[in-house]
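Trainee: Kindly generate the complete structure, drawing on both the sequences and the hints.
Protein chains: 2
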Amino acid sequence: MGPGPSDVNPRVTNAMGASTIGHLDPAFVTLMDEIKQLLQYAFKTRNRATIPISAPGSAGMEACFVNLVEPGDKVIVCQNGVFGGRMKENVERCGATAILVQDAWGEAVDPNKVEEALQSNPDAKMLAFVHAETSTGACSDVRLLTSLAHKFGCLSLVDSVTGLAGVELDVDGWEVDAIYSGTQKCLSCPPGLSPISFGPRAVEVIKNRKTKVQSWFLDMQLMMAYWDGDASRTYHHTAPVNNMYGLHEALVILQEEGLENSWARHALNHNALAAGVEAMGLQFVVSKEARLPQLNSITVPEGVKESAVRARLLEDFNLEIGAGLGALAGKVWRIGLMGHGSSKTNVLRCLGALDAVLSDMKAPINSGQAVAAAMAVYR
Amino acid sequence: MGPGPSDVNPRVTNAMGASTIGHLDPAFVTLMDEIKQLLQYAFKTRNRATIPISAPGSAGMEACFVNLVEPGDKVIVCQNGVFGGRMKENVERCGATAILVQDAWGEAVDPNKVEEALQSNPDAKMLAFVHAETSTGACSDVRLLTSLAHKFGCLSLVDSVTGLAGVELDVDGWEVDAIYSGTQKCLSCPPGLSPISFGPRAVEVIKNRKTKVQSWFLDMQLMMAYWDGDASRTYHHTAPVNNMYGLHEALVILQEEGLENSWARHALNHNALAAGVEAMGLQFVVSKEARLPQLNSITVPEGVKESAVRARLLEDFNLEIGAGLGALAGKVWRIGLMGHGSSKTNVLRCLGALDAVLSDMKAPINSGQAVAAAMAVYR
Numbered sequence: 220m221g222p223g224p225s226d227v228n229p230r231v232t233n234a235m236g237a238s239t240i241g242h243l244d245p246a247f248v249t250l251m252d253e254i255k256q257l258l259q260y261a262f263k264t265r266n267r268a269t270i271p272i273s274a275p276g277s278a279g280m281e282a283c284f285v286n287l288v289e290p291g292d293k294v295i296v297c298q299n300g301v302f303g304g305r306m307k308e309n310v311e312r313c314g315a316t317a318i319l320v321q322d323a324w325g326e327a328v329d330p331n332k333v334e335e336a337l338q339s340n341p342d343a344k345m346l347a348f349v350h351a352e353t354s355t356g357a358c359s360d361v362r363l364l365t366s367l368a369h370k371f372g373c374l375s376l377v378d379s380v381t382g383l384a385g386v387e388l389d390v391d392g393w394e395v396d397a398i399y400s401g402t403q404k405c406l407s408c409p410p411g412l413s414p415i416s417f418g419p420r421a422v423e424v425i426k427n428r429k430t431k432v433q434s435w436f437l438d439m440q441l442m443m444a445y446w447d448g449d450a451s452r453t454y455h456h457t458a459p460v461n462n463m464y465g466l467h468e469a470l471v472i473l474q475e476e477g478l479e480n481s482w483a484r485h486a487l488n489h490n491a492l493a494a495g496v497e498a499m500g501l502q503f504v505v506s507k508e509a510r511l512p513q514l515n516s517i518t519v520p521e522g523v524k525e526s527a528v529r530a531r532l533l534e535d536f537n538l539e540i541g542a543g544l545g546a547l548a549g550k551v552w553r554i555g556l557m558g559h560g561s562s563k564t565n566v567l568r569c570l571g572a573l574d575a576v577l578s579d580m581k582a583p584i585n586s587g588q589a590v591a592a593a594m595a596v597y598r
Numbered sequence: 220m221g222p223g224p225s226d227v228n229p230r231v232t233n234a235m236g237a238s239t240i241g242h243l244d245p246a247f248v249t250l251m252d253e254i255k256q257l258l259q260y261a262f263k264t265r266n267r268a269t270i271p272i273s274a275p276g277s278a279g280m281e282a283c284f285v286n287l288v289e290p291g292d293k294v295i296v297c298q299n300g301v302f303g304g305r306m307k308e309n310v311e312r313c314g315a316t317a318i319l320v321q322d323a324w325g326e327a328v329d330p331n332k333v334e335e336a337l338q339s340n341p342d343a344k345m346l347a348f349v350h351a352e353t354s355t356g357a358c359s360d361v362r363l364l365t366s367l368a369h370k371f372g373c374l375s376l377v378d379s380v381t382g383l384a385g386v387e388l389d390v391d392g393w394e395v396d397a398i399y400s401g402t403q404k405c406l407s408c409p410p411g412l413s414p415i416s417f418g419p420r421a422v423e424v425i426k427n428r429k430t431k432v433q434s435w436f437l438d439m440q441l442m443m444a445y446w447d448g449d450a451s452r453t454y455h456h457t458a459p460v461n462n463m464y465g466l467h468e469a470l471v472i473l474q475e476e477g478l479e480n481s482w483a484r485h486a487l488n489h490n491a492l493a494a495g496v497e498a499m500g501l502q503f504v505v506s507k508e509a510r511l512p513q514l515n516s517i518t519v520p521e522g523v524k525e526s527a528v529r530a531r532l533l534e535d536f537n538l539e540i541g542a543g544l545g546a547l548a549g550k551v552w553r554i555g556l557m558g559h560g561s562s563k564t565n566v567l568r569c570l571g572a573l574d575a576v577l578s579d580m581k582a583p584i585n586s587g588q589a590v591a592a593a594m595a596v597y598r
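Going down the list, the protein sequences come from chains A and B.
Just add 219 to the spot in the first sequence (first one is 1) and you have this note's numbering.
Just add 219 to the spot in the second sequence (first one is 1) and you have this note's numbering.
In case anyone wonders, no lab produced these hints; they're calculated from the structure.
Please read these numbers as outputs of a predicted model, since none were measured by experiment.
Simulated restraints on C-beta separations:
id, chain 1, residue 1, chain 2, residue 2, range
1, A, Ala591, B, Gln474, 49 to 55 Å
2, B, Glu253, A, Gln440, 35 to 41 Å
3, A, Asn537, B, Ser526, 50 to 56 Å
4, A, Ser562, B, Thr564, 42 to 48 Å
5, B, Lys563, A, Gln440, 41 to 47 Å
6, A, Gly392, B, Pro419, 52 to 58 Å
Note that the Cβ used here is the ideal one computed from N, Cα and C, for glycine as well.
Mentor: Right, dumping it as structure tokens:
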């Protein structure tokens, strides 16, 4: 129950354990085609350029930047946590300029500040922001921010590593131009792949580049010759075959449940956890309206050593929760309720364990209230 | 029995199916430390910067180039197959100049040509070449080429994606400066990770860079803060946890067998396959002294449609062998005898199936001789 990797459904690990076949085997090509369709379902898009990158989410981020940005470009980057900072690094390593729009850690991206930045930088090519900030638990308004980008002739690039399948996302309906995610959050696969999708405007930008993409491994045009060729695919790199088995199974599970049902389940379990947390007298970092259901940042109460609590949860309860990152290091816990891990059992188990450990440490909480408060939400 | 991914030992897929734990879990940190030690054993090195990159071999190649090369540098690249060409692409995408040393597909890199190129380019920073060319089956002399590079003040960068664990390799003994490999060849893991190692000269070059590494994801200094920190590791990207379980188990299997025993097994099975192939009257692409035991390129006999043979082997015998790439497309088959797949059973099964399919197609071969010739080698 950390910030990811999340708990994996045994169906997914079983699928990953199947025999490794060749990455050009006809059966594998069929699997690739199904993965593309299933990812289109999860992203709510018909974008043809919808594939999993053969590396974790950070490589998906990099794939978006290196394909869309050229030296000398200007990109507006919203920073309200760790991953906005990583976006800035990516922009600069492409030889481009990043204009930062900063919000406090734990707050959603402020559309007013974004509009100002777009106005002041008419030569900007792209607006990049994080949908679901894993470092804080804040959810930003993808639809609104994308429409602002378009109003000023910019592409929108969205980090939805933690968002996909856990909270509403509609790539085509919201006209998102480029998006990347990860497998190890609300899809509940082991980490190692990064689903991405490029819309028609982004594909045009890639086709009309003046310079070669600086990464051979992440060059989208080379990748698409493998992922989207005719019957005979052009070998690019060797796909992580068994990870693809796992992703396929995870996406089948998502489709069985239904995307909207998955969002609703994440919301319900968050509501129950929040009721328990608040019954204990603990505070969320993020205000209610901007809170992600799948990533719950909770302020560590006065006088409690946060790492000691995590260590006891792991040792005594076999339960992992996350530490704070960056500006929130030492100040918060991050409790994940992602994908397969977003369940009533996990909510109650986590609240019970946290209550027990904090009570035992004589922390200033209302002991013994949390589990009952959460159970009331489920009734 | 293609050019990789190779057959995976069930112990490895079983290991990969274990529960996904956090990438900062103390138990995972212990696993990472063991993987580093086991990779040092496999590479025969004490290099501290010996880790698996969280993506396939092509990303390992890119990690070496983007960390060691800066814009304006000059790199001598030896090209005797597909992967030398990919190296050239990598050099150029780093803003550097590639000086090509070309040999025919199927031949080893010619040390005389390399020495000439080093002499004519005193400003070259690095010599890059492929140890085990997967596209042809040719083995080049890593020790000799590295010593030539050093004679002219250059670093040596070695692609041993297919070499590691299948044929002699001694990173420290041969003073190799940088090397990358893949998990899906002679280590017999599913694809998805790329073991790399940087020696002291390469580490110095990285430390003294004037520019930032163009890839954030592959920046070695950032990666080492995660892989080689103190008790508290700095989060970089989310490691592909289950792939690491698999790599760990594959390396334990290698250590149980013994590295030198693994090389000897690969040689023996190659000798048996070669005896069978030659008894059929078929020809190897690569001359005997430069032949890799783990990748056997065989010329398609006159009048035989190579893809039809592969299709029948796959459909009727559930046996994959590889097609030719690039200059050898349509002209050769590539038979892998890698890692777990390098076994007497596989050699005999492959020869029997190939003999049967070619005989049935009335190809010009000596039918019915191959299996007996191979069995004689094992006696």
